[in-house]
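Work out the full structure: start from the sequences and follow the hints.
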Amino acid sequence: MTAAAVPAGAVPGAPVGIVGLGLTTMSLEPGGAPGDLAAQAVTAALADAGLTKRDVDGLLVNTSQGVRPDRLSVALARQIGLGDLRLLEHLEIKGATTVAMVARAVLAIRAGMAETVVCVFADAPLQPGGSAGSTYAHSGGSDGVRGLERASGVLGSVPTYALMAARYLHVTGGNPDDLCAVAVSTRAWAVHNPDAVVRTPLDAEGYRASRMISTPLRVLDCARPVNGAAAVVVSGRPGRGGHPPVHVLGMGFDHPVRRRRAGTESWFGGGRRAADDALAMAGRRPADVGVRELYDPFSVVTLCLLEEYGFCAPGTAGAVARSGALGPGGDLPTNTGGGQLSGFYLQGMTPLVEAVVQLRGTGGARQVPGVTTAFVGGIGGRIDHHAALVLDREAA
Amino acid sequence: MTTTATDLARADWLLAPGLAPNAADAVLAPLYAGAARGELVLPSCGACGLALELEQRACDRCDSADVVWAAVAPTGEVHSATTVHRRERGLVLATEPYPVVDVELASGHRLVMTTLAPRASAPAIGEAVRIGFRSVGGVAVPAAELAAAEIRPVHPSDTEVTP
Ligand SMILES: [Zn+2]
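Residue numbers (this note's numbering), protein chains in the order written: chain A, 1 to 396; chain B, 1 to 163.
These aren't lab readings, by the way, just hints derived from the structure by calculation. Just so you know, not all the hints are guaranteed correct.
[Stated by the list, open to error] Covered by chain A, per the in silico footprint, the following chain B stretches (three or more residues, Cβ under 8 Å):
id: 1; region: 15-22
id: 2; region: 34-47
id: 3; region: 61-67
id: 4; region: 74-86
C-beta atoms are modelled at their ideal positions from N, C-alpha and C, and glycine is treated no differently.
See the structure below:
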């Protein structure tokens, strides 16, 4: 990278890093407004970084769409006592936003337009009087394509991803055992993650006994919504929290258009450029990646993304999962904190947080030995938007 | 199979009337108006004839912004399918799991719908489909009629309320 265009104030060529990480309790019970949860996560992230609010000159916010009216906005900055900021934005690329926020922060810092930026995500879909599934089933409205789909029984997001899963298994010649293998390996990681909300061991028999939601997806193929928040501090200066540096070496995006018409796959495929660009910017190959942290709202998405991002050959991710490679001790450690399936569903914060933990080496019993490079993949829409990061504990 | 006014007045087998789509929707109104007449009306490119997505405003093949909504042949095949077991109380009236089918129409369009009648399991990918219409809260919407429709026996309700 050339330093010629770096403005005054930025350190030419200095890597930008994630220097702080803050989580709230991940709750399976109703309670907590997104703003309050976000404030807690920001406070925790700054404490983790050894910084104060006076050190912050940027805030990026993002919150789940649709389910609640009281979403985070740029007003959060004044609500939580931040001072005059240079960078303050609400980003929206659906579920890919959280990962995109980190890229946005890095670009601003590299351009000399901010020095220390907090990125926060909060969600509170669990509300009194109904499960998260119930909340999602009631949301969506009667307008547009969504209104027509809802009038056809497509309530919540599970039937849609079930159509994706059914099609994916049909095209790849797979079967529900492929999905089972993902659920089981992801749970095996969660067992050792104190922040995971589901930590009871799971085997194939337990998976097959779990409730069917929409064939072929069982309840254990679906993410666990939580009320909670997570924040990261991105900075061009080293943190003062005593943690090993976690540098953002690569960033990539892709927004593939899969047409819903004959002659093409409508439900999956596309997004490879996000991974390729992030790896190329980082000067890394897929084989250099020690842990893959992927946005996994449903088990089938893990399989799709492993293939799409080049970690498995097309059509082979199911067999790779069944071999145990994704789980503890495997050759392809993936979603090492339990992902969204067993850990917690905080959109892109779920994979991002776990990547930072692994690179810091603070994963405890779930720590993958010798990790120096982590890949973070975030998606949005129906796998329509991809945002990828390559994080590294070594300077470039 | 033709859809009559009597069919549309009858309560839907699957969903509560509150899930009626907005028949005056800015984009999908032609589809609903056609469905009320028993016709499957979908958008295509006025210049090159390409089958367009429901919310598409310009053709991705020839760049024309001439979007024409017209009746297409009500036939197709199953592109993907699922049997939905989770039934949200108050929204889903059916007491048994129900199918949701992504239909690839002979016209080239793909459209997600449920079936015209209750059915125990999702149809197989590739199975032939004919399009009929259900009524949800008085609004006609496309529904898949399968060659070998299987009518479910009635069982006691085991409605699930949690995800
Ligand atoms: Zn055209």
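Hint check:
no. : hint  : result
1   : 15-22 : holds (count 5)
2   : 34-47 : violated (count 0)
3   : 61-67 : violated (count 0)
4   : 74-86 : holds (count 8)
Of the numbered hints stated above, those contradicted by the structure are hints 2 and 3, listed in ascending order.
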